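Undergrad: Listed here are the chains, written in short residue letters.
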Amino acid sequence: MSILVNKDTRLVVQGITGREGLFHTLQMKAYGTNVVGGVTPGKGGEWVEGNIPVFDTVKESVHVAGANTSIIYVPARVAADAIMEAADAGIELIICITEGLPVLDMARVQSVLKQTNSRLIGPNCPGLITPGEAKVGILPGHICKPGNVGLVSRSGTLTYEVVQALTDRGIGQSTAVGIGGDPIIGTKFIDCLRLFEDDPQTDQVVVIGEIGGTDEQKAAEFIGKYMTKPVVAFIAGRTAPAGKRMGHAGAIIEGGEGTAAEKIEAFEAVGVKVGRLPEEVAELIAKLM
Amino acid sequence: MKLHEYQSKSIFAKYGVPIPQGGVATTAAEARAIAERLGGKVVVKSQVLVGGRGKAGGVKLAKNAAEAETIAGQILGMDIKGCTVEKVLIDPAANIKDEIYLGVVIDRNLQKPVIIASAEGGVEIEEVAKTNPDAIIRLPIGIRTGLMDYQARNLAYSLGLRGPHLNKFVVIVKGLYQAFLATDASMAEINPLVITEEGKLLAVDGKIVLDDNALYRHPELAELRDPQEETAGEREAREIGINFIKLSGQIGCMVNGAGLAMATMDIVKHYGGEPANFLDIGGGAKADKVAAALRLILSDTEVKSVLFNIFGGITRCDEVAKGILEALKIVKTDVPMVARLVGTNEAEGRKILAEANFPTATSLGEAAEKAVALAKGVK
Chain V
1 MSILVNKDTR
11 LVVQGITGRE
21 GLFHTLQMKA
31 YGTNVVGGVT
41 PGKGGEWVEG
51 NIPVFDTVKE
61 SVHVAGANTS
71 IIYVPARVAA
81 DAIMEAADAG
91 IELIICITEG
101 LPVLDMARVQ
111 SVLKQTNSRL
121 IGPNCPGLIT
131 PGEAKVGILP
141 GHICKPGNVG
151 LVSRSGTLTY
161 EVVQALTDRG
171 IGQSTAVGIG
181 GDPIIGTKFI
191 DCLRLFEDDP
201 QTDQVVVIGE
211 IGGTDEQKAA
221 EFIGKYMTKP
231 VVAFIAGRTA
241 PAGKRMGHAG
251 AIIEGGEGTA
261 AEKIEAFEAV
271 GVKVGRLPEE
281 VAELIAKLM
Chain Y
1001 MKLHEYQSKS
1011 IFAKYGVPIP
1021 QGGVATTAAE
1031 ARAIAERLGG
1041 KVVVKSQVLV
1051 GGRGKAGGVK
1061 LAKNAAEAET
1071 IAGQILGMDI
1081 KGCTVEKVLI
1091 DPAANIKDEI
1101 YLGVVIDRNL
1111 QKPVIIASAE
1121 GGVEIEEVAK
1131 TNPDAIIRLP
1141 IGIRTGLMDY
1151 QARNLAYSLG
1161 LRGPHLNKFV
1171 VIVKGLYQAF
1181 LATDASMAEI
1191 NPLVITEEGK
1201 LLAVDGKIVL
1211 DDNALYRHPE
1221 LAELRDPQEE
1231 TAGEREAREI
1241 GINFIKLSGQ
1251 IGCMVNGAGL
1261 AMATMDIVKH
1271 YGGEPANFLD
1281 IGGGAKADKV
1291 AAALRLILSD
1301 TEVKSVLFNI
1311 FGGITRCDEV
1321 AKGILEALKI
1331 VKTDVPMVAR
1341 LVGTNEAEGR
1351 KILAEANFPT
1361 ATSLGEAAEK
1371 AVALAKGVK
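Residue numbers (this note's numbering), protein chains in the order written: chain V, 1 to 289; chain Y, 1001 to 1379.
These are calculated hints, taken from the structure and not from any lab test. Please read these numbers as outputs of a predicted model, since none were measured by experiment. Virtual Cβ for every residue (Gly too), placed ideally from N, Cα, C. Incorrect hints may have been included.
As the list claims (entries may be wrong) - No more than 27 Å apart at the CA atoms, straight line, and that leaves these computed lysine-lysine pairs for BS3-like:
(1) 1200(Y) <-> 1286(Y)
(2) 1207(Y) <-> 1055(Y)
(3) 218(V) <-> 1351(Y)
(4) 145(V) <-> 1351(Y)
Unchecked claim - Sample of chain V residues facing chain Y (criterion: CB under 10 Å; computed from the structure):
(5) 77
(6) 100
(7) 164
(8) 195
(9) 210
(10) 224
(11) 227
(12) 230
(13) 234
(14) 273
(15) 284
Claimed, not checked - Stretches of chain V that chain Y covers, calculated by requiring three or more beta carbons in the stretch to come under 8 Å of a beta carbon on chain Y:
(16) 101 to 110
(17) 132 to 145
(18) 149 to 160
(19) 176 to 186
(20) 276 to 283
Required output: the full structure, derived from the provided sequences and hints.
TA: Here you go:
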């Protein structure tokens, strides 16, 4: 067990013939992910690396190759379309790696997705990995180790940092999920926390947040009310100045909403310890084991 | 990207929102000519992209055209929070009876646009949110259905608008929402929406913040960018496609990923240093981008050491290593540096740096400690 992706994942790569799409398809395949096909409109019938079929539509990849999960590497201006195409084809789990989607595009995507059974992760995220089973995204697989700590993060590379710190201490992970740092995302902290709480393979959970918005405060509230498993947190941006957009569209402190201090306080109020360094997060987890 | 008041209001006007019939002047003489054309009292308003211009003396009432010229002469060239006033808007003064706040933003939790309104207009909405949160009305809008007339009417009733004001308000709020959608804005506001003594409704001040990610759909709006919105460095960064914010410390940071870049700043501080910048080179950064980013960091003479922290996922460490060495061929510098490259192609990346005798570190903590020591002159 684990959450969202595992050995049964049958992945289709949207934008498989692009530079990033191709590179990471090979990386995911090398990790052992079951990549059943790719989609590039107009290139249906071609093959990638001689053994991955390319389809014109996501629907074809579902019917012909049995795809149940999609990962998206297409450019930002066509990413909303790609997400909706995947949902329309009945894909249950859609991961959008692409960054730079207009916020209103995402508002439209979410209004459509709420009426389907599809779950979106991202956009602007590193994807997710269940170590030893499936990597669906751009996370470097070799730093992960199978185990029982679930991770959920708004950041990409910072997630790798914490995973590395855990692995360095010999602590393995059940699933690590990067949910993305945009203002509108498909899957939030709470959704992942709920999945980890219900996952028998997950014993502890790490939440990696950052400044901006109130999702961490909502996560803290959820943990306080519903989580029985212990949680450790990390918050990036303690030294960030107010009013400046720190890369992620979401990472901005405005009007006293979303400072690191508020978030740390919210976590500590429900008994969640907050690490100041990635190594400290690993140390706090080790103490819980 | 922010638009000026005069630009925002002219966009609102295209969608049927009544605005004062003023004009923009870049000289005092032009200001006088506009005031003469308008006749009567006018307001001279500095056009700068920072808040609090009224308190800073950048908005003044003039009794006649001659006074408008004098005031415009004073305001033009004035420095308001680091922005030089290059333009003033000359609007006819309105006889204000009531002031309303009306805005549209994206609600992150509801994941849809929300209209925000308050009968306490004329002050910053953040201020109202603090002092009198009950005075704020929030109306979520279904992105696919749009703003319905009945919703607009209900909003009017909630604000105490009835009778002759009702339909005028409906036109304005629908116009504002249309302008928000049509420009792919992340925020559009009218503050205040004035009810005049004569019973008119008028958008006296307005603001639009555009979504940078959607600017490719609006080349005509992208051209409106005021260079003063960013520092020279921030502008250069945008043009090369990286996220950069200048800070006041001595340790230059180059990191891939916004979250990790913030965490790196935090850790530099943890080890007693002060970051000189936030810099996220983004995903998949290649050699030329790294070189451009390094030049940008080193253009700050306060920088005493540079810390590279790259955790490769989509970014490949060998590309970054090549970029660092390439940049050092172009940028001659004595500033000491330390690089920590891990993740995708890390072995290749480390090899490239080792062959060039470039200092490296394995953990982020070690890299930050080294960078802090180097900045203090410790070798």
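Undergrad: None of the hints should be skipped; say for each whether it holds.
TA: Going down the list of hints, with the structure as the test:
A C-alpha spacing of about 57 Å is found between residue 1200(Y) and residue 1286(Y), which places the hinted pair above 27 Å, so the restraint is violated. Proposed proximity of residue 1207(Y) and residue 1055(Y) is supported: the alpha carbons are some 18 Å apart, at most 27 Å. A C-alpha spacing of about 45 Å is found between residue 218(V) and residue 1351(Y), which places the hinted pair above 27 Å, so the restraint is violated. Proximity of residue 145(V) to residue 1351(Y) is assessed by CA-CA distance (about 25 Å); at most 27 Å being required, the pair is judged to hold.
Nearest Cβ of chain Y to the Cβ of residue 77(V): about 6 Å, under the 10 Å cut. The hint holds. Taking 10 Å as the C-beta cut-off, the interface hint given for residue 100(V) holds, the closest approach to chain Y being about 5 Å. A least Cβ separation of about 7 Å between residue 164(V) and chain Y falls short of the 10 Å threshold, and the interface hint therefore holds. A hinted interface residue such as residue 195(V) counts as satisfied when its beta carbon comes closer than 10 Å to some beta carbon of chain Y; here the least separation is about 20 Å, so the hint is violated.
The beta carbon of residue 210(V) is positioned within 10 Å of a beta carbon in chain Y (closest approach about 5 Å), and the interface hint is therefore held. With 10 Å as the threshold, the beta carbon of residue 224(V) stays out of range of chain Y, its nearest partner Cβ sitting at about 18 Å, so the hint is violated. Taking 10 Å as the C-beta cut-off, the interface hint given for residue 227(V) is violated, the closest approach to chain Y being about 20 Å. Annotation: interface hint on residue 230(V) violated; nearest CB of chain Y at approximately 22 Å, more than 10 Å.
Annotation: residue 234(V) was flagged as interfacial toward chain Y, and the flag holds, the nearest CB pair being 8 Å apart, inside 10 Å. Below 10 Å, beta-carbon pairs count as interface contacts, and residue 273(V) has none with chain Y, the closest being about 17 Å; its hint is therefore violated. For residue 284(V), the interface hint is violated, since its Cβ never comes within 10 Å of a Cβ in chain Y; the closest pair sits about 16 Å apart. Taking a C-beta to C-beta cut-off of 8 Å, the segment 101 to 110 of chain V contributes 9 residues in contact with chain Y, enough for the three needed, and the coverage statement holds.
Coverage of the segment 132 to 145 of chain V by chain Y holds in this model, with 5 residues showing a Cβ closer than 8 Å to a Cβ of that chain against a need of three. Given as covered by chain Y, the segment 149 to 160 of chain V passes the check, having 8 residues with a CB less than 8 Å from a CB of that chain where 3 are the minimum. Chain Y is given as covering the segment 176 to 186 of chain V, and this holds because 3 residues of the stretch bring a CB closer than 8 Å to a CB of that chain, at least three being needed. A stretch counts as covered by a chain when three or more of its residues have a beta carbon under 8 Å from one of that chain; for the segment 276 to 283 of chain V and chain Y the count is 4, and the coverage holds.
Consistency with the previously given hints fails for numbers 1, 3, 8, 10, 11, 12, 14 and 15, ordered from lowest to highest.
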